[in-house]
Amino acid sequence: MTIRGAAYVAGIYEHPRRDIPDRTLFEIHTEVALGALADAGLQMSDVDAVFCDGTAGFGPMSLVEHFGLRPTYFDSTETGGSSYLAHVGHAAAAIAAGKCSVALITLAGKPRTGRHEVSFASGSDSGFESGWGIAGAPHTYALAAQRHMYEFGTTSAQLAEIKVAASIHAQYNPNAYLPYAVTVEDVLNSPLVADPLHRLDCCVVTDGGGALIVVSPEVARSLGRTSAKILGHGEAIKHTSNGGIDLTYTGAVWSGPRAFAEAGVSVADIKYASIYDSFTITVLQTIEDLGFCEKGQGGKFVMDGGLVAPFGKLPFNTDGGGLCNNHPSNRGGITKVIEAVRQMRGEAHPSVQVPNCQISLAHGTGGSLGSKHGSVTLILGQEDA
Amino acid sequence: MLPAPAPAINSTTAEFWKATTEGRFILQRCNACDIVLWFPRRNCPKCWTEDVSTFDAQQTGTIYSFTVVRKGTGAFKDAGPFVIAYVELADGPRIMTNIVDCDIDALHVGMPVEMVFHDTGEGSALYRFRPASR
Numbered sequence: 001m002t003i004r005g006a007a008y009v010a011g012i013y014e015h016p017r018r019d020i021p022d023r024t025l026f027e028i029h030t031e032v033a034l035g036a037l038a039d040a041g042l043q044m045s046d047v048d049a050v051f052c053d054g055t056a057g058f059g060p061m062s063l064v065e066h067f068g069l070r071p072t073y074f075d076s077t078e079t080g081g082s083s084y085l086a087h088v089g090h091a092a093a094a095i096a097a098g099k100c101s102v103a104l105i106t107l108a109g110k111p112r113t114g115r116h117e118v119s120f121a122s123g124s125d126s127g128f129e130s131g132w133g134i135a136g137a138p139h140t141y142a143l144a145a146q147r148h149m150y151e152f153g154t155t156s157a158q159l160a161e162i163k164v165a166a167s168i169h170a171q172y173n174p175n176a177y178l179p180y181a182v183t184v185e186d187v188l189n190s191p192l193v194a195d196p197l198h199r200l201d202c203c204v205v206t207d208g209g210g211a212l213i214v215v216s217p218e219v220a221r222s223l224g225r226t227s228a229k230i231l232g233h234g235e236a237i238k239h240t241s242n243g244g245i246d247l248t249y250t251g252a253v254w255s256g257p258r259a260f261a262e263a264g265v266s267v268a269d270i271k272y273a274s275i276y277d278s279f280t281i282t283v284l285q286t287i288e289d290l291g292f293c294e295k296g297q298g299g300k301f302v303m304d305g306g307l308v309a310p311f312g313k314l315p316f317n318t319d320g321g322g323l324c325n326n327h328p329s330n331r332g333g334i335t336k337v338i339e340a341v342r343q344m345r346g347e348a349h350p351s352v353q354v355p356n357c358q359i360s361l362a363h364g365t366g367g368s369l370g371s372k373h374g375s376v377t378l379i380l381g382q383e384d385a
Numbered sequence: 386m387l388p389a390p391a392p393a394i395n396s397t398t399a400e401f402w403k404a405t406t407e408g409r410f411i412l413q414r415c416n417a418c419d420i421v422l423w424f425p426r427r428n429c430p431k432c433w434t435e436d437v438s439t440f441d442a443q444q445t446g447t448i449y450s451f452t453v454v455r456k457g458t459g460a461f462k463d464a465g466p467f468v469i470a471y472v473e474l475a476d477g478p479r480i481m482t483n484i485v486d487c488d489i490d491a492l493h494v495g496m497p498v499e500m501v502f503h504d505t506g507e508g509s510a511l512y513r514f515r516p517a518s519r
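Chains as they are written, first to last, in this note's numbering: chain A, 1 to 385; chain B, 386 to 519.
Keep in mind that a hint or two might mislead.
Said to hold, decoys possible - Below, a sample of chain A positions facing chain B; criterion: calculated Cβ distance under 7 Å:
#: 1; residue: 125
#: 2; residue: 127
#: 3; residue: 192
#: 4; residue: 243
What the hints assert, rightly or not - Derived list of chain B stretches under chain A, where covered just means 3 residues or more per stretch with a C-beta under 8 Å from a C-beta of chain A:
#: 5; stretch: 417 to 426
#: 6; stretch: 457 to 466
#: 7; stretch: 481 to 491
Quick caveat, the hints were computed from the structure, so don't treat them as lab data.
Don't be surprised by glycine CBs; every beta carbon is placed ideally from N, CA and C.
Using the sequences plus the hints, can you model the full thing?
See below:
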């Protein structure tokens with residue numbers, strides 16, 4: 001069994017705000033859930049499956065109680081920012097198995113105005129990753145960037161091109177946290193956070209959230225809204241491998257081929273890609289690992305507007321991405337799917353809408369390239385794909 | 386000196402951390418499949434046997450990757466710029482650590498380094514590295 005064509009993304013919603021001091025975490029979950037349901041033309045009472053990450057209370061129980069639902073299926077897979085792409089794949093599999101027909105996936109978080117704690121080293125690695133002064137994702141992603149530079153000659157200016165491309169797109173998004181274009185020089189002149197990563201190599205920190213509605217083909221056909229067909233899904237966890245970590249690649253080397261095989265398409269078919277962009281290095285390694293270019297050639301690939309929509313080699317993150325638009329709850333996965341669906345529907349901003357965008361890819365990377373992370377690849381198509 | 390916050394210690398890692406207070410860095414080896422283990426654990430992550438033994442590892446290696454953190458937080462708030470790295474030990478494993486007593490502008494991937502121990506004052510010492518003396 002595959003999930004190809006077994007389910008559709010019928011509703012999307014991205015919270016428009018980036019600072020939300022006046023609402024609780026659970027209120028934001030409700031707000032984005034209702035937004036995505038309205039987008040799909042569905043009601044909360046239609047939902048029979050709930051998917052959330054590990055930050056929404058006591059597993060899915062707190063959120064289900066808050067919503068007042070009695071779902072027949074639930075899943076709280078927690079792989080950081082890639083969780084929501086995994087949820088889409090898991091929802092599609094559950095729908096294909098007849099377990100549910102309307103799945104609600106929500107993300108909410110308040111890293112700007114509320115309490116926020118994530119522990120990267122809370123398993124058996126505790127004590128071996130915690131004593132070195134790591135105080136955030138930049139420190140470990142920087143280790144990956146440094147090694148990539150050493151092995152392949154990647155430069156800071158090449159990494160900066162990724163931020164520049166995202167910022168060109170962000171100009172057209174009035175909700176973007178950084179809604180203006182920056183130059184390579186701006187990135188290189190921003191303060192070093194953790195060598196070789198500058199402040200502008202990092203994503204924004206925003207409150208907010210988003211939601212997705214994944215439905216069965218029968219439900220999708222009953223709705224007036226254009227849906228995106230789920231063609232393929234692949235997931236993988238890459239970790240330190242018993243002291244054998246290789247910092248030059250990501251779990252996309254495994255999740256990508258699984259998704260492409262299930263979808264029955266190749267990289268040449270991808271017209272648009274939402275690539276997880278916690279940091280510029282995350283994008284660079286991911287596009288190599290997904291096969292858009294050879295390993296080590298990502299730096300060359302992103303130069304000269306390679307990622308700029310609508311006519312670059314690989315138009316990416318046309319909402320401005322996590323680098324400029326939104327990285328709600330320090331997790332960029334749900335907005336990756338949301339913008340891919342906008343592209344499928346032809347509802348991206350006209351200046352960055354990719355013409356004839358039949359097939360797109362969304363990829364999530366949650367956790368750290370510097371130790372362990374979850375990689376999830378989704379391939380989406382227009383309804384007739 | 387860089388702050389040395391005490392690590393969490395459990396029944397599996399107690400032997401490892403006790404050794405650090407004696408200036409020793411011990412690694413485990415699986416007696417069944419002969420691989421070196423990192424970090425300490427009860428079962429070999431390749432064949433899952435509990436038949437693992439420990440040995441005193443060489444206290445040398447090379448920098449696999451590093452970053453200079455420009456401003457720390459928590460215990461490292463006032464530390465100034467400091468270095469987080471992966472060091473590839475002479476015995477094989479790549480381990481996360483700090484590089485200390487160094488010119489941060491002279492650091493490079495592949496640089497030979499040697500281990501030093503920083504006492505946490507709580508029954509453990511952090512294993513860190515400095516540029517090799519020879």
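Structure-based check of each hint:
For residue 125 (chain A), the suggested interface contact is upheld, since its CB lies about 6 Å from the closest CB of chain B, less than 7 Å. Below 7 Å, beta-carbon pairs count as interface contacts, and residue 127 (chain A) has one with chain B at about 3 Å; its hint therefore holds. Hint status for residue 192 (chain A) relative to chain B: holds, with the closest Cβ pair at about 5 Å, below 7 Å. For residue 243 (chain A), the interface hint holds, since its Cβ comes within 7 Å of a Cβ in chain B; the closest pair sits about 3 Å apart.
Counting residues of the stretch 417 to 426 of chain B whose beta-carbon sits less than 8 Å from any beta-carbon of chain A gives 6, enough to reach three: the coverage restraint holds. With a threshold of 8 Å between beta carbons, the proposed coverage of the stretch 457 to 466 of chain B by chain A holds, since 6 of its residues qualify and at least three are required. Against chain A, the stretch 481 to 491 of chain B contributes 3 residues with a C-beta closer than 8 Å to a partner C-beta. That satisfies the three-residue criterion, and the hint holds.
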